[in-house]
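Given chain A's structure and the hints, the job is docking chain B onto it.
Just so you know, the sequences run in chain order A and B.
For what it's worth, the numbering used here labels the leading residue of the first sequence as 46, then goes sequentially.
For what it's worth, the numbering used here labels the leading residue of the second sequence as 46, then goes sequentially.
Any given hint could turn out to be false.
When chains are identical, the list treats them as one kind, so a pair holds in a single copy or across two.
Below, simulated BS3-like cross-link-like pairs (lysine-lysine); rule was C-alpha separation at most 30 Å, straight line [as the list claims (entries may be wrong)]:
no.: 1; residue 1: Lys695; residue 2: Lys317
no.: 2; residue 1: Lys89; residue 2: Lys468
no.: 3; residue 1: Lys413; residue 2: Lys302
no.: 4; residue 1: Lys587; residue 2: Lys511
no.: 5; residue 1: Lys413; residue 2: Lys317
no.: 6; residue 1: Lys340; residue 2: Lys58
no.: 7; residue 1: Lys340; residue 2: Lys413
no.: 8; residue 1: Lys511; residue 2: Lys398
no.: 9; residue 1: Lys413; residue 2: Lys305
no.: 10; residue 1: Lys317; residue 2: Lys456
no.: 11; residue 1: Lys583; residue 2: Lys122
Keep in mind the hints are simulated off the structure, nothing from the lab.
Keep in mind the model is a prediction, meaning the values are calculated, not measured.
So the chains spell out like this:
There are 2 protein chains.
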Amino acid sequence: MTSIEKTMKFEIKHHDAAGRIGRLITDHGSITTPVLLPVINPNKMSITPQMMKERFGVQAVITNSYIIYQHQKLHDKALAEGVHALIDFDGPIMTDSGTFQSYMYGEIEMDPLTIVRFQRDIGTDIGTILDIFSTPDQTKEEAEEAVDTTIERAEISIPEKKEMNLACPVQGSVYPSLRTYCAKKLGNLDADMHPIGGVVPLMENQEYKDLIEVILASKKGLPVNRPVHLFGAGHPLIFPLAAALGCDIFDSSAYIKYAKQNRMIFPWGTEKIDDLYELPCSCPVCSTSSLSELKSLSKKKREQKIAEHNLYVSMSELRKVRNAIMQGRLWELVEQRASANPFLQDAIHELHKLNHVKWLEQFEPVRKTRGLFYTGIHTVHQPFFYRLHHRLVQWFDQSSSTLIVLPETEKPFSKAYADDIYKISMEYPNTDIIVDTVIGPVPLVLDEMYPFAQYIFPEVLDEETKRIRKKRWDKCVKHKDLIEWGKKPIVTDLTNEEGNIIQKNLDEKRVKSVAHMQFGSDISSVLFNGDISLVKSKKTLKIRNVFVDGKHVVSMRASDGLFTLKLDGGKKIHDKSSIPRFRVTIEDDAVPFVKEGKSVFSKFVSSVDDQLRPYDECIVVSKDDEFLAIGQCLLSPVEMSGFQFGQAVKIREHIGVN
Amino acid sequence: MTSIEKTMKFEIKHHDAAGRIGRLITDHGSITTPVLLPVINPNKMSITPQMMKERFGVQAVITNSYIIYQHQKLHDKALAEGVHALIDFDGPIMTDSGTFQSYMYGEIEMDPLTIVRFQRDIGTDIGTILDIFSTPDQTKEEAEEAVDTTIERAEISIPEKKEMNLACPVQGSVYPSLRTYCAKKLGNLDADMHPIGGVVPLMENQEYKDLIEVILASKKGLPVNRPVHLFGAGHPLIFPLAAALGCDIFDSSAYIKYAKQNRMIFPWGTEKIDDLYELPCSCPVCSTSSLSELKSLSKKKREQKIAEHNLYVSMSELRKVRNAIMQGRLWELVEQRASANPFLQDAIHELHKLNHVKWLEQFEPVRKTRGLFYTGIHTVHQPFFYRLHHRLVQWFDQSSSTLIVLPETEKPFSKAYADDIYKISMEYPNTDIIVDTVIGPVPLVLDEMYPFAQYIFPEVLDEETKRIRKKRWDKCVKHKDLIEWGKKPIVTDLTNEEGNIIQKNLDEKRVKSVAHMQFGSDISSVLFNGDISLVKSKKTLKIRNVFVDGKHVVSMRASDGLFTLKLDGGKKIHDKSSIPRFRVTIEDDAVPFVKEGKSVFSKFVSSVDDQLRPYDECIVVSKDDEFLAIGQCLLSPVEMSGFQFGQAVKIREHIGVN
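Next up, chain A with everything else stripped away, as it sits in the complex:
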């Protein structure tokens, strides 16, 4: 039934949470996601698309093909000169199809194929099928009908798209299984992009808990390589959370619709100008006029100014989201927004559920360039902490049965406790030392590894964080004998030799523990099976390079205490670990390029160890398991396998052609 016309080019450039910085290529230019497409009413453009681009930094817009179709003059001009000429915009244009109109105003007169062909013929970059809007108050049966019709319409519409990209919205009301079903069905079709439809009523009623269930259920069903659009989402309040769940595109007429009602959009919500006393905003509108000046304008001029304000704020919020993804701080931004809205709080509480955390964890990068900031009760529930705890439990499984516990102090702990460590090691040889911190038990030998040297938490913990901390603490040390250190001072005279032995043991323990946490215990034992020697920084005395049997296997990065893999380390892993562990396997076509050090592109990825995570170290092999290179994963396994565009692995060292 369907025929492959073309596939929309979409690639992931950066990761944080399940959110991503993407690049979407259209015939009218590329778009950096997450992105907001302002809605353009072709009948009335109070801010023209060209002005949007020049003054507001708008990358792409969305307009309504149904409205254009219905108005004879617009209809004819669009067909004759194209939609780009019609609204005078040379960037990417998406069009909607009338579905929302049918939801707002009831039955519309439109045939699904006619509107798709019309969108194609007017040169839309991304058209949308005429799907059936399923409302949150529908019964499951009603929603199923909407879903079935939507899928049918997608099936018949796709062969018509030709050069146009086509968006096929996921429907299914508030029924997660139905959303996933619809997403899977549409995912099997040759669609280019997937809006999540029928969510405007949820957003209008601030039912964010339902909204995120809908987003997650849809995401779980959709192919990972297609951009996801949260249809009708135009309020900055929801941008960070929706982006964190992997929504790439937003659109909205809120900027103008709210302006008509004298309502101003802010990152924390919406305010009627009559409820304000001053303009609590730094945008060009609010920085150059006072509230009373704004109020004294004519209705038309005031609408215009408020629309501009709304657009400035919305665009800057998207910049904030993209910046947060790049900085690895998207969850922080999410929690800050939630502090302004109790309904968002409920939505984030929902994310604590294990099935959601597990899904989110697979996209979560293994390291971030910034400190890990406490932003409230949700911080320790972040997928990053879930994974960290999971790996810590494994470390504790292999630690000594007695543990020495030190109280939290200045970081790094091993520096602050330098004297004690020697004393403890003399009195309790082969006994692991841990520090009792606000984020739980921290093995002393991991104290320079992200995030144990980088977390910034309040001194006084909230009860929620305390509860989780206690739970994790108990899980780690439940079968251990704990000895609290610090009560009895011990005077120990160490010979140089004794000191050196203790330090060497600690260093080896550190190396193995970091590798255990970072790579897993299987890879750690393979990597360090042999005679270990270290090169340390003369200045900081920190471990820099690790040699095993004379071969340089890993280096330790000073900024976050994590290892980068060296070629000899990669070979060791390759020789001793079983397939598919630690491997990204590539198609034969790409083998010569990777041998020469070129990046691995997703389209050439054949299979991936599903334990790898974004920014993890990995080895790259051919389908015959020939060792080719070591590098850094840029995507999660499911993305490496699923994407057709963009890089999957950045090669750090390669074996060379011969």
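Frame of chain A; chain B shown alone:
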């Protein structure tokens, strides 16, 4: 020693938390507080003061008299033409004295009297004495010495001020008792304004917990009627919290100092431009240029642009603070800011301490015009909730020994539970009904009273809020028998007459309970001692007017379910309550004016019932306890007694001259 030259005019216009919207009058115009005075370097004005006023909405600036004094050209011009001509600014100018220079660069050559006379002679609106900067790391003895010298210098400087307003900074390092001592001593002198000095190191190190202890200790010692300046505070992160504690003035060179280091100020912190990937801000600089454009500018132009950004953001944050005070949402803003910074979290935790809550509570308005939003774990610790709980405990002391408990449902509860209420009243006559809500037990008869109809909390509570909720719940109902309703359906056939009796009883209970919560049980019993009859809204069936023995004593406001007092109600209270309960007593001079309905000005307030709070109803009497009028308090008792300017009570009804 001191002679009264003049007093700076400062009045409070609005209240929220211990923060206030104030008006400060100088010879060069009035200032609305909280306000930020950007620091002007008279040697180098990258943004001129005039430009600050016109483009950035700056109300007043601060410059450094020590620098002007030291530079011959500036010195001579300032003396000849005045400081306003020197920096070309016609608005209010404050000058600093060189204290900060002595902290930064060690001993400076300046005599305390010379610099005060110089400031006076160059026409500064607000000068500053040459105080001694006490650093956080000083011993108590060292800090005591700084305090003593500061007080001495204030004593000798004040007689020199003449027409100039003079700021005398509170010093005392991090020793609260010393801060309070210094504040009290300075408060006894004829100073006009009080900076809190020596706090820059605390802010630089993000030691916000110490900072708020310093602010609170200083505030507790200072006269309530003088503006308080947090010296050197220029980062928006701290504005909301400092304003909530009653700081009126901020100043800072941060906008330009940070710009020189390529650092951009944001409400949530500071970022180096090299750590950014996009400009996460809506200000005119960030909305009209991209990060890469900004980075590619020449050093000088980039500095200028970043300084402008920093100033736009800082000024808009002050608008946000003032707007939040007017909207009664300052604590919400404080908590939102804290979600971006763990050190601010610690500071707010410190505010939970009972002595701080009690001090803050006296300034907290009794009602707000907006819903009460949950913003996180600190919400239930707000002084408003502390007071609410305190009053609820008193209500429960007088309630029936058995209580019927209903689960939380849609608000208002009495509407949602209309049927149940009749059934309960038949089966359990004279038994009070309460609703088990997220904010604790809510008596059903209070369900329309602020905040019980207006709170918006998440469905899922965090553990911290749960803990406080449980504590408060237990305290309210510990001696009660609780019956959970809803398990057994009862079929009751009520006659009309029975229904009417039940409704009448509930209405009377509601009227007395609201008055109990709002005015106290003593006033409630005085007010409703007699035959009660009600006028209800025909449309909403809500109580509108309450008559006792045929006299209209109170009306109920539809928006928040609180009473406004009527003249006959005021008379009843006056006749039956003992002095000073519910009274604002005024000087004889003002009696004829208040009898005619003119507002009570603070300077004519003789004494005030210290149980009254901002926006409470009150009665106004003469010193002979002649009843004059009823009205609404605009200030807290300590402010009504302490201020020389501005309104204390807005009169609603008055007895007339005859």
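(request) Could you figure out if Lys413 and Lys302 sit no more than 30 Å apart (CA to CA) within one copy, between two copies, both or neither? (result) between (39 Å within a copy, 29 Å between copies)
(request) Classify it for me, Lys583 with Lys122: is the Cα-Cα distance of at most 30 Å met within a copy, between copies, both or neither? (result) Neither way: Lys583 and Lys122 sit 73 Å apart in one copy and 58 Å across, limit 30 Å.
(message) One pair to classify: Lys413 and Lys317, alpha carbons no more than 30 Å apart. Within, between, both, or neither?
(response) Classified as between: cross-chain Cα gap 17 Å, same-chain 39 Å, threshold 30 Å.
(request) Up to 30 Å between alpha-carbons, please classify Lys317 paired with Lys456: within, between, both or neither. (result) between (48 Å within a copy, 23 Å between copies)
(message) Within, between, both or neither: how does the pair Lys340, Lys413 come out at a Cα-Cα threshold of 30 Å?
(response) between (45 Å within a copy, 24 Å between copies)
(request) Evaluate Lys695 and Lys317 at a C-alpha cut-off of 30 Å and name the case that applies: within, between, both or neither. (result) Classified as between; 27 Å across copies, 50 Å inside a copy.
(request) Evaluate Lys340 and Lys58 at a C-alpha cut-off of 30 Å and name the case that applies: within, between, both or neither. (result) between (44 Å within a copy, 22 Å between copies)
(request) First find the shortest C-alpha distance between Lys587 and Lys511 inside one copy, then the shortest across copies, and answer within, between, both or neither for a cut-off of 30 Å. (result) Intra 32 Å, inter 45 Å, cutoff 30 Å: neither.
(request) Evaluate Lys511 and Lys398 at a C-alpha cut-off of 30 Å and name the case that applies: within, between, both or neither. (result) Answer is both; intra-copy 18 Å and inter-copy 19 Å each pass.
(request) At 30 Å max between alpha carbons, let me know whether Lys89 reaches Lys468 within a copy, between copies, both or neither. (result) neither (78 Å within a copy, 58 Å between copies)
(message) If the cut is 30 Å between Cα atoms, do Lys413 and Lys305 qualify within a copy, between copies, both or neither?
(response) Classified as between; 28 Å across copies, 42 Å inside a copy.
Violated hints, listed in ascending order, are 2, 4, 11; each of the other numbered hints is respected by the structure.
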